[in-house]
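Asks: Chain by chain, the residues:
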Amino acid sequence: MPQSTPKAATLLEAAVKYLETELMPTLDGYHRFQTRVTVNVLNTVRRELELRGAQAAAERSRLVAMLGHDGEVESLSVELAEKIRAGTIAIDDPALRAHVRQSLADALAINNPKWMTR
Amino acid sequence: MSSEDFGARVQTAVARHIGAPGTIYDLQRLTGGANKTTWSFDAEVAGTRAQFILQLASPRANDESNPLAGVSPHLIAEEDARLMIAAVKAGVPAPRVRAILQPDDGLGGGYVTERVAGETLATKILREERFAGARASMAKQCGTILAAIHRIPVAEVPFLMKLTPAQHIAAQRRIIEFYGFHSPALELGLKWAEQHAPKNTRHTVVHGDFRAGNFIVGEEGIRLVLDWEIGQSGDPMQDLGWVCVKTWRFGGKKPVGGFGTREDLFEAYEKASGHSVDPAHVRFWEAYGSVRWGIGCFSMGTRGVEEVGIERCAIGRRVEEPLWDFLNLIEGRD
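Chains Z and F, in that order, are what the protein sequence lines are. If you use the numbering used here, the first sequence corresponds to residues 269 to 386, in order. If you use the numbering used here, the second sequence corresponds to residues 175 to 508, in order.
Here chain Z stands alone, though its shape is the one from the complex (with noise of 0.2 Å):
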């Protein structure tokens, strides 16, 4: 089956400028602030969709390498916790530090990227 179109990201698109654009001025107080944070919500799904793939393949080769074993990213990235957890890889590891500085990253260019320049 061909893709729908348009694409999701388009609907997000043309979702958040009615609500930025046209629903937004005419709103004040609580309805004006929900409305801004249904925006923020709106826009980082868009982002989501667009980032997490890449992302989730880059990950899940870094822990791979780390672990030295194949598996699913979120398995993997559950089995790295529990080894930091368990103080099985060290916390100062340079490898560790880069894979979560990288993660953090990618899900801050999702969730907010403005903050990284803060």
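FYI, nobody ran anything at the bench for these hints, they're computed from the structure. Zero decoy hints are in this set.
For lysine to any residue, the following SDA-like pairs were computed, each having C-alpha atoms within a straight-line distance of at most 20 Å:
| no. | chain 1 | residue 1 | chain 2 | residue 2 |
| --- | --- | --- | --- | --- |
| 1 | Z | Lys-351 | F | Glu-351 |
| 2 | Z | Lys-351 | Z | Ala-363 |
| 3 | Z | Lys-382 | F | Ile-489 |
| 4 | Z | Lys-382 | F | Asn-502 |
| 5 | Z | Lys-382 | F | Leu-300 |
| 6 | Z | Lys-351 | F | His-356 |
| 7 | F | Lys-428 | Z | Trp-383 |
| 8 | F | Lys-336 | F | Glu-252 |
| 9 | Z | Lys-382 | F | Arg-491 |
| 10 | F | Lys-365 | Z | Met-334 |
| 11 | Z | Lys-382 | F | Arg-507 |
| 12 | Z | Lys-351 | F | Ile-349 |
| 13 | Z | Lys-351 | F | Arg-347 |
| 14 | F | Lys-365 | F | Val-245 |
In this text the structure is predicted, and so the values were computed from the model without any measurement.
With chain Z fixed as given, assemble chain F onto it according to the hints.
Replies: Relative to chain Z, chain F alone:
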């Protein structure tokens, strides 16, 4: 309860605890949090019209069925009020408690305090010209106020949860275990905290949430320190670190709340308390505070749409902000 009925109960409580006739004007709900709701009202008491705040505990706060109840500090309304009374007595600009609600007031747990005018929104305090003078003095003021908070006799508030740094971290670990969070960044943060937790610290009253956003500010500076409900006792340096956590700078560039310098904070604290401040010790609490706020974001985002609504769901996506700040702090990149 209808709004007329609610207003009538508030009036009866005011007349009973503060003064007759207690006629209520402008009763307005200000905020509704997960743990409490805040109301503003005026009342006629002994011939004058006075301004008040009413705080009511939500029925589910401190619910015994909450599996995390008692894991980390959370005061019931009466304890919260008693802590503020002790704080005022020690010279802290805390809300002045005028009534602690009783069961037969029919309003649940809560208390009435005197309302003080001023600004709480940190972004306004950081940006508006009229607060320029306040900004210049607030870091020093924070130091002086914290010294006063840390002087409150622990014996006057025996209900406060006592936490050593290690117990503080253990409580956070229980929270992430309860929710089943498995994040390498979070584990790195907690492990770092376990390895660097200060030992043999002083033990004082700790406000627990002393930060920009919880101050009522006027053009001259901080008028009131709010939100005492996670008051606890433990290492006083916790409060000095928390007020520096980057999240609570609200986009401001300076380390103390976005408005001031650590030097001003520490100097004023040392002068007022007679205790020297080790910047590395405070830095531990700033770094660990960032991890703790990351866990706070995680918990808020995980509670489900029905309970928390879109704002709190969105906070769930802010987990990485403090964890990023934490990593920069421990790597000296802040």
